[in-house]
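Novice: Sequence:
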Amino acid sequence: DYGTDATLLGPTVTRDKTQAYEYTFSGWSKDLTFISTNVEVDAQYTQELRTYTVTFYNDGEVYATEYVKYGFGVENIPANPTKQSTVQYDFVFERWVGGDINNIYDDTDMNASYLDILRKYRVTFFDLSVYELISTVELYYGETISTKIERDGYYFDAWYRDPDCTTMFNTDTEFVDGIMMLFGNTVI
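According to this note's numbering, the sequence shown is numbered sequentially starting from 14.
Some hints could be false.
Stated by the list, open to error - Restricting the straight-line Cα-Cα distance to at most 16 Å, the calculated cross-link-like pairs of lysine to aspartate or glutamate (EDC-like) are:
(1) K30 <-> E53
(2) K133 <-> D103
(3) K96 <-> E107
(4) K43 <-> E61
(5) K82 <-> E35
If you're looking for bench data, these hints aren't it; they were derived computationally from the structure.
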């Protein structure tokens with residue numbers, strides 16, 4: 014009606030977001046009060062950079078989450094995570110992999126990457142014939158042990174996992190798999 018204010022007779026005015034921006038309706042391009050003639054107006058929008066989620070995973074579990082504006086970098090990189098050692102390996106955090114955390118353009122998953130460090134174990138040898146320590150050495154997981162250890166001109170015919178010599182350590186099939194104490198009797 015002539016001389017009245019315009020009213021919106023349709024759905025709420027929206028604008029599709031882009032990868033970089035979200036848009037919020039802020040008003041019309043012309044004043045819509047006291048309309049006295051046909052008027053064409055355009056919707057006006059404010060734009061704001063979109064926020065994306067950067068999820069940091071450690072060994073498959075969510076470790077941290079950061080929210081970053083489009084095109085920006087992660088400001089609060091989480092502290093270096095840890096990974097439980099196995100019998101074979103110790104793990105040392107190396108870096109985050111999965112994307113460029115300095116330039117975020119979408120939701121991004123980052124995974125902790127570790128260096129696998131083969132573990133060393135202390136192996137102690139005892140001579141049961143004289144009840145003495147022969148030696149203690151550090152060997153890597155998976156290394157084999159020889160029965161051909163010589164002491165004072167004597168050789169050991171076998172090694173045992175217990176001082177009663179009931180559980181033989183098979184040098185053909187077994188290897189260093191943890192801290193070990195091996196017992197032997199010398200033979201000529």
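Novice: Against each hint, give a clear statement of whether it holds in the structure.
Specialist: Results of checking the hints against the structure:
Proximity of K30 to E53 is assessed by CA-CA distance (about 24 Å); at most 16 Å being required, the pair is judged violated. With a C-alpha separation of about 10 Å, the suggested pairing of K133 with D103 holds against the 16 Å cut-off. Simply put, K96 and E107 have alpha-carbon atoms about 11 Å apart, close enough for the 16 Å limit, and the pair holds. Restraint check: the Cα-Cα separation between K43 and E61 comes to about 23 Å, which exceeds 16 Å; the hinted pair is violated.
About 11 Å separates the Cα atoms of K82 and E35, which keeps this hinted pair within 16 Å; it holds.
The structure is inconsistent with the numbered hints 1 and 4, although it conforms to all the rest.
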